[in-house]
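Here's the letter readout for the chains.
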Amino acid sequence: MKMRFLFVCLLILGLCQPVDALTGREIMEKSDALAQPDTAKSKVLMLIHKGGRVQEKEFLLMMKQFENDEDKALIKFITPTQIQLLTHSHKGRDDDQWLALSSGKVKRIVSSGRDKPFVNSHFYYEDLTSIDIDDYEHTLLGEGTAVDADCYKVQGVKKVGEKIYDKVIFYVRKSDYFVVRVDMYKDGEFHKFLENHDVKEVDGILTPFKMKMELADGNGKTELILKGLKYNDDIDSATFRKEALR
Amino acid sequence: MNRYIGWVLKWPKTVLAVFAVITIVLASGMAKLGFDTTISTLLPKSDPEYKYYDQVKEIYGGCDAFIILSVTADEADQEHLFTPGVFQKIDHLVLDIEEFENYHPALEKERMHRLEALLGRSEITGRQVAAAFKTDIGFSRLISRKMKTVASLDRPLAPGEKRELLALVQASNELKSREMINEILSPFTMKDIVGKDDMLETISLIPTDDAGRRLLPKTDADFDAFLRNLKRNPVFEKGIFATDAAGNITDLGIIVRFHDISSSDPIAREILDIVSFNDGLEIVPQGEPVVLIWINDYMQKDLMRLVPLVMLVAVIIFFLNFKSLRGVLLPFLTLSMATVWILGLMGHLGVKITTVGISIPILMIAVGSSYAIHILNQYYAEYHLVSQKGKIPGLQYAMSHISVTVLLTGLTTFVAFLTLATHELSAIREWGIFSALGIAFAVFISASVIPAGLALMPHHQTNHRVLRKTGVDSPLIDRLIQWMTTAAIYHYKKVLAVVMLLIVVSVAGLFRLKVETELLYYFKENNYIRTSAKYIEEKFGGRWGFNVLIDSNEIDGAKDARYLQTISDFRKWVECDANRDLCIGRTDAFPDFIKTMHMAMNNDDPGFFRVPSSNATIMDYFEIYSDTDENSDGRVDRFEAYIDPDFQTCNVMTRLGQNGDGLLGTAGLKHIKKQISAYLSATLPGEYDFKITGYPLMLIKSVDYIVYGQVQSLVLTLLVIFGVVLMLLRDIRAALLSLIPMTVAVIINFGIMGWSGIHLDVATSIIAAITIGIGVDDTIHFLNTFRYFRKQALSVDAAIQKTLQVSGKAIIFTSLALICGFSVLGLSTFKPLILFGFLMAVTMVATTVGALLVLPCAIKFSGIRLVKAASPVPEKSVKTLIPLLAKKN
Numbered sequence: 118m119k120m121r122f123l124f125v126c127l128l129i130l131g132l133c134q135p136v137d138a139l140t141g142r143e144i145m146e147k148s149d150a151l152a153q154p155d156t157a158k159s160k161v162l163m164l165i166h167k168g169g170r171v172q173e174k175e176f177l178l179m180m181k182q183f184e185n186d187e188d189k190a191l192i193k194f195i196t197p198t199q200i201q202l203l204t205h206s207h208k209g210r211d212d213d214q215w216l217a218l219s220s221g222k223v224k225r226i227v228s229s230g231r232d233k234p235f236v237n238s239h240f241y242y243e244d245l246t247s248i249d250i251d252d253y254e255h256t257l258l259g260e261g262t263a264v265d266a267d268c269y270k271v272q273g274v275k276k277v278g279e280k281i282y283d284k285v286i287f288y289v290r291k292s293d294y295f296v297v298r299v300d301m302y303k304d305g306e307f308h309k310f311l312e313n314h315d316v317k318e319v320d321g322i323l324t325p326f327k328m329k330m331e332l333a334d335g336n337g338k339t340e341l342i343l344k345g346l347k348y349n350d351d352i353d354s355a356t357f358r359k360e361a362l363r
Numbered sequence: 003m004n005r006y007i008g009w010v011l012k013w014p015k016t017v018l019a020v021f022a023v024i025t026i027v028l029a030s031g032m033a034k035l036g037f038d039t040t041i042s043t044l045l046p047k048s049d050p051e052y053k054y055y056d057q058v059k060e061i062y063g064g065c066d067a068f069i070i071l072s073v074t075a076d077e078a079d080q081e082h083l084f085t086p087g088v089f090q091k092i093d094h095l096v097l098d099i100e101e102f103e104n105y106h107p108a109l110e111k112e113r114m115h116r117l118e119a120l121l122g123r124s125e126i127t128g129r130q131v132a133a134a135f136k137t138d139i140g141f142s143r144l145i146s147r148k149m150k151t152v153a154s155l156d157r158p159l160a161p162g163e164k165r166e167l168l169a170l171v172q173a174s175n176e177l178k179s180r181e182m183i184n185e186i187l188s189p190f191t192m193k194d195i196v197g198k199d200d201m202l203e204t205i206s207l208i209p210t211d212d213a214g215r216r217l218l219p220k221t222d223a224d225f226d227a228f229l230r231n232l233k234r235n236p237v238f239e240k241g242i243f244a245t246d247a248a249g250n251i252t253d254l255g256i257i258v259r260f261h262d263i264s265s266s267d268p269i270a271r272e273i274l275d276i277v278s279f280n281d282g283l284e285i286v287p288q289g290e291p292v293v294l295i296w297i298n299d300y301m302q303k304d305l306m307r308l309v310p311l312v313m314l315v316a317v318i319i320f321f322l323n324f325k326s327l328r329g330v331l332l333p334f335l336t337l338s339m340a341t342v343w344i345l346g347l348m349g350h351l352g353v354k355i356t357t358v359g360i361s362i363p364i365l366m367i368a369v370g371s372s373y374a375i376h377i378l379n380q381y382y383a384e385y386h387l388v389s390q391k392g393k394i395p396g397l398q399y400a401m402s403h404i405s406v407t408v409l410l411t412g413l414t415t416f417v418a419f420l421t422l423a424t425h426e427l428s429a430i431r432e433w434g435i436f437s438a439l440g441i442a443f444a445v446f447i448s449a450s451v452i453p454a455g456l457a458l459m460p461h462h463q464t465n466h467r468v469l470r471k472t473g474v475d476s477p478l479i480d481r482l483i484q485w486m487t488t489a490a491i492y493h494y495k496k497v498l499a500v501v502m503l504l505i506v507v508s509v510a511g512l513f514r515l516k517v518e519t520e521l522l523y524y525f526k527e528n529n530y531i532r533t534s535a536k537y538i539e540e541k542f543g544g545r546w547g548f549n550v551l552i553d554s555n556e557i558d559g560a561k562d563a564r565y566l567q568t569i570s571d572f573r574k575w576v577e578c579d580a581n582r583d584l585c586i587g588r589t590d591a592f593p594d595f596i597k598t599m600h601m602a603m604n605n606d607d608p609g610f611f612r613v614p615s616s617n618a619t620i621m622d623y624f625e626i627y628s629d630t631d632e633n634s635d636g637r638v639d640r641f642e643a644y645i646d647p648d649f650q651t652c653n654v655m656t657r658l659g660q661n662g663d664g665l666l667g668t669a670g671l672k673h674i675k676k677q678i679s680a681y682l683s684a685t686l687p688g689e690y691d692f693k694i695t696g697y698p699l700m701l702i703k704s705v706d707y708i709v710y711g712q713v714q715s716l717v718l719t720l721l722v723i724f725g726v727v728l729m730l731l732r733d734i735r736a737a738l739l740s741l742i743p744m745t746v747a748v749i750i751n752f753g754i755m756g757w758s759g760i761h762l763d764v765a766t767s768i769i770a771a772i773t774i775g776i777g778v779d780d781t782i783h784f785l786n787t788f789r790y791f792r793k794q795a796l797s798v799d800a801a802i803q804k805t806l807q808v809s810g811k812a813i814i815f816t817s818l819a820l821i822c823g824f825s826v827l828g829l830s831t832f833k834p835l836i837l838f839g840f841l842m843a844v845t846m847v848a849t850t851v852g853a854l855l856v857l858p859c860a861i862k863f864s865g866i867r868l869v870k871a872a873s874p875v876p877e878k879s880v881k882t883l884i885p886l887l888a889k890k891n
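Those protein sequence lines, which keep their order, are chains A and B.
All residue numbers for the first sequence refer to the working numbering, where the first residue is 118 and numbers rise by one.
All residue numbers for the second sequence refer to the working numbering, where the first residue is 3 and numbers rise by one.
Keep in mind the hints are simulated off the structure, nothing from the lab.
A hint or two may mislead.
To be verified - So the derived label-pair ranges between C-beta atoms look like this:
(1) A/274 - B/227: 33 to 39 Å
(2) B/250 - A/149: 52 to 58 Å
(3) B/618 - A/254: 43 to 49 Å
(4) A/274 - B/114: 22 to 28 Å
(5) A/207 - B/226: 27 to 33 Å
(6) A/140 - B/119: 33 to 39 Å
Model, not experiment: these values are computed from the prediction.
Ideal placement from N, C-alpha and C gives every residue a C-beta, glycine not left out.
Work out the full structure, taking the sequences as your base and the hints as a guide.
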């Protein structure tokens, strides 16, 4: 029941700076060097395709950077329920998370299970955390095409034991070094892939307005669609207080 | 037929050589013969109820098919259950089972590569092989377990042993790839949601490290924490742990659910092997898949041991009757060849022996003996004629006609069994096809090998021993025949009166006959299978169960508080003390997840272990209950057994126990289904529906089909006999009379079963088919011979007397041999086989009495003459009918 902060993922995968680097490590270092907005606010539509049905979930996402590299995020579900998730991300230690039910009851969530799906979607909690470049050994595999773009194919092989993926392959767009696709391998097998679509520049930040996480066997996928996004608006810090959940 | 016999007698060596070659070729198929003891062959797959059951399995998995292992510390070790040593052993046990839960092709490929490389070394012991995988504990233990059957762990492996080990591991991989385990529920694998001090946490009852290895409790404090977690959630009691009267935890439960019980046999066997490999624990395995294995193993073991003994005893009786080597050798050769042919053919065709098919060798012994003895008896009856005409012409004369009779009887039985080829149950279908083929083989072999053998054997004209046997001077049988003759001719009314009385009594017994599906009835009360079932029921509420599906008739309708409360109310009713007669010791259903979450959200207060009244709260719980969904069907994996992907219908799984000290039985199951249906019909809100299904109910359906198949086969056989006799004798009354012996035999058989409390089940229902096989033979032999003697211008009384002397003798010989033979099954330790032997003996007596006493009495009573007495017999008729003892008459 680990409820991590989705926005981190959007930013990590959505922003990069073009560089003239040819080794896998160098390409990923540059991709990893993301400029982050001070605040972000968006409405997100989540479409979960499972068993022939599409579940729609909609939530408001608010995020704010604080001192000491800490950030706070609030997910307020609009449909199908009104639960809220508040995350305080800390550098060097576990995040704090609180859950508020529609009735206003608040519980602090103790994180566990990186391989668990986020609100029954195809995103695992691990997918929503920031990727440390040192977790993987990167190698440039060559070139390829993904999401209609010429890309560098960079393979990352797990170096540390805690990651749930043994191997990931990044498709980094040649034109701007933007990561448009990530293939994820679990237990030695191609498990699922993430694609960033409809990439637009918002306040100078490249942002994918549509993300798709799909199982390798084609048995299901989850789409995230940003419905309006504002960077660097002033958001009251009190919004991210536990007491504000009630 | 005449030309064929002529050909056989002309080329006897060629015939025997060809038959020997065919036998050798088909015998090689016996090596390929396998057993299919899965229950799938006995399930009615086209039945609408089965189709629904199949749909339920498709949606919820085979949740009614599970093995339950009750685990506690080994008393001999005098160790407490909650100690690090015992927990280490249980962890290994769970680990061994988990090896078969999920299949990882890449991992298995890598393991096999490594194993092959290791076994490629010139000198390596099993222990060294296992040790090479010490970081891969599951695989290392699998190798050690498989090594048990290969060689000692500490001795260098011989090349053959290496190949064997590799083959065993490969077979395990194949089994893993079938992913037959749906889920493993145990204190070592379960998770729970806890919510103390305004925290909400998903915990594993036994936590794991990042690599997924369980961190077993070591200190008293660790165990205390473990026990607190275990006892917190009411769902776990009787689910994954059991207590004594004082509330102390005595047993931990490991429940292994399969996707489908019908194919669970191989994985259930693997689990039993794992259980036997795990020393130092007291493990009680139970569950229907296990019971099925035990029954099949018992049956196969005893049949392998006892069927040769049955044949031996039959052969001894042949010898006592014929007092000649050929009298033993030829029938033995015939029935052995027929058995080898049919089993060999099944092996070559890849058809496996099912629980029903296991009776095919017995049928071959019974019917094969009958055909052989009738043919051989004809030879002895015509001994003088053969002596006078010369061996080959004499044999040609004698064999042609008896072969026609055998052909007719065989054809009738063949058709009777073949009618089962369209049966609903595949086991019965295959039984019908291969029994029919076996009959065809037995006729063909009898009509070929015996004449060919006799043609090659010397025929001594002055063989006094044989000459004596051609007369009716075998004291016991002669006296019996004499008695029957007297009874049939002079006391037929009394005999018929007694038979009528017997029929009345038997019909009364028929009403007492119980159709039974409860397999545990096969075992005595003190048998381990029964005692373990009782133990599991006491500890965990039952060893099998069925499903009650409650449909809200609305997508997402199961997220409604009223609906979930309705389910909870039903469970409460079904488990309450007032309904002890329903024998449901436990239920599992979806609301437990919601209740657990509700309790966790309310600081683990047990008072909140209930369905919340607010729909919004329930919707919240659905959202935040996040767990793996491997098949991406929209349900968390842990929900799959309990709710459909549309969240519309919940599956309430019941665990069935026993009826006090007695077993539940089919009647009990039907009662439970009826009671539950009545309750739900009366209490469910109008917009909801319900259905009840599950493996025990399918078994009831199967037996219905088996009984229906037998009745269908019986009726069709009677029609065929009627047609054959009508064609032969051209007399409708005679054709009707011919139906009497078999009908009487079957009624008496079922009457005895009813009165003696023998249940009609899969095993005993086959008896009716064998009764048909033997009954048909006896009736046609009798009538054909009777007809012959009537054509010889004998009076009805004289014809009855002569018929009993000739055909009666063969029939009694056969019956006597088989009664003694099948009595050997009384030595079995397995109740169904003992009953089978007993009923076979009863059948032999009944068919014999039916054909030799009831039929002649009915002929006398009805005044049927069949032919006009003293009419001259045209030459053509003599050739086409049976010219028995033509010389003598």
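Each hint, compared with the structure:
no.	hint	verdict
1	A/274 - B/227: 33 to 39 Å	holds (38 Å)
2	B/250 - A/149: 52 to 58 Å	holds (56 Å)
3	B/618 - A/254: 43 to 49 Å	holds (48 Å)
4	A/274 - B/114: 22 to 28 Å	holds (23 Å)
5	A/207 - B/226: 27 to 33 Å	holds (32 Å)
6	A/140 - B/119: 33 to 39 Å	holds (35 Å)
Of the numbered hints given earlier, the model fails none.
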